[in-house]
Amino acid sequence: MNWDQWRDAFPVTKNRIFLDHAKVAPLPERVQERVAAFLKDACEHGTANYPKWMAETDRVRARFAELINADEGEVAFVKNTSEGISIVANGIDWKAGDNVVIPNIEFPANVYPWMNLKRLGVEVRWVKSVRGRVPFEQIAAQVNNRTRVVSVSSVECNSGFRNDLGKIGAFCKEKGIYFCVDAIQSLGVLPMDVKRDHIDFLAADGHKWLLSVEGLGGFYISKRVLENIYPAVVGWDSVVNANDYLNYDFTFRPGARRYEEGSFNVMSIFAFGAALDILLEVGIENIEQRVKGLGDVIMDRVKQRGGKIVNSTEPGERSGIVSFTLNCDLEKLKTYLADTNVSLTIRDGLIRLSPHFYNNESDIDLCFENIDAFLKK
Numbered sequence: 001m002n003w004d005q006w007r008d009a010f011p012v013t014k015n016r017i018f019l020d021h022a023k024v025a026p027l028p029e030r031v032q033e034r035v036a037a038f039l040k041d042a043c044e045h046g047t048a049n050y051p052k053w054m055a056e057t058d059r060v061r062a063r064f065a066e067l068i069n070a071d072e073g074e075v076a077f078v079k080n081t082s083e084g085i086s087i088v089a090n091g092i093d094w095k096a097g098d099n100v101v102i103p104n105i106e107f108p109a110n111v112y113p114w115m116n117l118k119r120l121g122v123e124v125r126w127v128k129s130v131r132g133r134v135p136f137e138q139i140a141a142q143v144n145n146r147t148r149v150v151s152v153s154s155v156e157c158n159s160g161f162r163n164d165l166g167k168i169g170a171f172c173k174e175k176g177i178y179f180c181v182d183a184i185q186s187l188g189v190l191p192m193d194v195k196r197d198h199i200d201f202l203a204a205d206g207h208k209w210l211l212s213v214e215g216l217g218g219f220y221i222s223k224r225v226l227e228n229i230y231p232a233v234v235g236w237d238s239v240v241n242a243n244d245y246l247n248y249d250f251t252f253r254p255g256a257r258r259y260e261e262g263s264f265n266v267m268s269i270f271a272f273g274a275a276l277d278i279l280l281e282v283g284i285e286n287i288e289q290r291v292k293g294l295g296d297v298i299m300d301r302v303k304q305r306g307g308k309i310v311n312s313t314e315p316g317e318r319s320g321i322v323s324f325t326l327n328c329d330l331e332k333l334k335t336y337l338a339d340t341n342v343s344l345t346i347r348d349g350l351i352r353l354s355p356h357f358y359n360n361e362s363d364i365d366l367c368f369e370n371i372d373a374f375l376k377k
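According to the UniProt record's numbering, the stretch in the sequence shown is residues 1 to 377, in order.
The set of hints was computed from the structure by calculation and includes no laboratory data.
Even for Gly, the Cβ is constructed at its ideal location relative to N, Cα and C.
Under the rule of at most 27 Å between Cα atoms (straight-line distance), these lysine-lysine pairs were calculated in the DSSO-like manner:
1. K173 x K118
2. K79 x K52
3. K95 x K175
4. K334 x K292
5. K14 x K334
6. K334 x K376
7. K377 x K334
8. K195 x K223
9. K175 x K223
10. K332 x K23
11. K303 x K23
12. K79 x K23
13. K167 x K292
14. K292 x K14
15. K377 x K332
16. K376 x K303
17. K95 x K128
18. K118 x K95
19. K332 x K308
20. K308 x K292
21. K23 x K128
22. K95 x K223
23. K334 x K308
24. K292 x K23
25. K40 x K52
Cβ pair distances, simulated, as ranges:
26. M1 x T313: 23 to 31 Å
27. E29 x C328: 29 to 37 Å
28. R224 x N265: 23 to 31 Å
29. E29 x T251: 37 to 45 Å
30. G306 x F252: 54 to 62 Å
31. E44 x T251: 35 to 43 Å
32. A62 x F107: 22 to 30 Å
33. N2 x N145: 51 to 59 Å
From just these sequences and the hints, can you work out the full model?
Put into structure tokens, the structure is as follows:
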């Protein structure tokens, strides 16, 4: 794989040391070009090419399905991860006393949609993490005969811990429990197979490892459980014969498109499609190997400086995130690095680096040279 060739496709490399894909990714040049072409078309021709735009939405939906090994009819576009999880949370026929099980280190997108169900008498049961890890045994211990959903992140946002989705999914299938996954910290960098892992629902915005824009992502719902999740938000495009506007027929579309209630964010779908094309062209397995190799370099540099690595180093628990601590004023370090054009995340007492496949070892060394300069000051 000619990684330097791909590096040239990311203009950010000319301006910044960017190691923060777990936050918001810079856009590849191809994404910019695809969006610019759409805008030019819309500007010069109005909606004359609207059928082509809709054909592109279908193509991109199929590409997202390919990424996660789903059927095309099982995926829909959502504006963000929170919306996808909320479709599930608000669509289940809950009974007072039911519960949902989630880890206590989840990003809020996988917390508040479930806490919002308190008004219906639904309990949130918290899985206690252990040093940034979510032990499977702790998940199983929180499940009882009123558990309807187990919902986890594929990768935990701060520690970078990679949950064993296959093991959790098999457990949920055996118990007759829905399995929901917030996949935003793994899609685009780690392989995903919703069928293999018995995942019922999955959601992810496109602006992190998927290298697309904010405000557009993908949602998966298994055809096994589709009819069990009632669309809480309904619009003109949720139904069959949606374009026969005045012939009202309140029959939902047969697949996941019933959750796409209105007009599409076409511009962002064009961006999403361009990014998916890049990722699938490079190959997710290749990306995983590349990013983990860069993670090895980061962890080596941390050890050289006496830092403490927080993320798990076990092969099956690693992701694209490397989190660590250094003995210094992290708020001042955060400001210093921002002023020296280094992009990473510092929060909750951790330094978090998240390189992508186009990064290289020089990026990492330059990052740590800037950290060294701060420490000397």
